[in-house]
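Let the sequences and hints guide you as you build the complete structure.
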Amino acid sequence: MPVDRSDHLAKLARATPAARRAVLRAVDRFGEVPVLSDAQAMTPVKTGFLVASGTTTPAKLDGEVVTKEAGFNADYAAAVHERLGNKHDVGQAKFLSTSLQRNGPRFGPKVAAEVKAELEGGA
Amino acid sequence: MAQVDWESFLDKLAAWMAAGTSPALVYSSVPRALWIGSALEADAADPYSVLRIYGGAVPYPGPAKCSIQCRTVGTSVAAAMQQAVKLFNTLINADQTPKRMTTIAASPNGFRANAIDPLQPPSFLSRDDRGRAEVIFNFDASVVGLP
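Protein chains in written order, with our numbering: chain A, 1 to 123; chain B, 1 to 147.
All the given hints hold, so there is nothing to weed out.
Simulated crosslink set (DSS-like; lysine-lysine; CA at most 30 angstroms straight-line): (1) B:65 with A:68; (2) A:46 with A:68; (3) A:87 with B:65; (4) A:11 with A:110; (5) B:99 with A:68; (6) A:11 with A:60; (7) B:65 with A:110; (8) A:11 with A:116; (9) A:116 with A:68.
These are calculated hints, taken from the structure and not from any lab test.
What follows is the structure, encoded as structure tokens:
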């Protein structure tokens with residue numbers, strides 16, 4: 001028996017842009033809190049310049065790929081990040097990658113929750 | 001979860017990586033080109049490389065996955081980069097894919113790396129306080145012990 005799926009397909013077509021918006025928003029927020037904020041909490045502090053150089057760019061949607069950059073602009077940031085042998089009174093090496101590793105497992109659920117809220121709110 | 005003696009793994013990994021370079025980097029005599037943990041400068045070749053676990057304190061024995069940094073230090077940027085690339089190439093196949101299910105050291109007390117995931121190719125980082133070039137790359141290793 002033929003089944004009319006046009007209504008279902010129309011709903012899907014409406015949902016896709018909304019889902020993309022939600023993913024973009026989730027990535028944007030996640031890159032700032034907790035990824036960058038946790039990284040700043042672990043950043044070595046001597047003068048405060050390095051921790052203050054933490055920055056992000058707005059999340060971008062390119063086709064089906066969402067990207068967001070988070071990092072530290074101080075020109076010595078990479079050296080401080082990668083020198084594992086340095087002793088720090090405050091903070092640690094690998095402050096950004098550690099934040100990414102720790103927060104990684106929370107990323108998928110965060111995006112899913114944002115998409116769910118968007119779709120349910122827009123239903 | 002299987003527990004791994006990471007100190008022992010690093011030792012076996014360094015020997016395996018050194019053997020995988022051509023000509024083989026010196027790991028077991030001085031001047032040593034490859035170290036684990038930290039290098040004794042007086043006994044180190046130029047350039048020399050150090051494998052070191054990062055990501056916080058590693059319990060003994062630790063979990064089956066760890067992040068490792070390979071830091072190469074040399075007076076010549078080119079020589080340091082060349083050595084880092086040699087070591088990096090031991091972690092990937094000819095088609096540039098990361099090594100999988102690779103025996104690092106055979107039984108007894110051996111290790112198999114189920115997955116090695118290079119996080120980036122060797123990169124010039126900076127110069128240390130003695131003006132020497134620093135080249136680093138990082139990789140994750142998922143490992144099982146072979147009784």
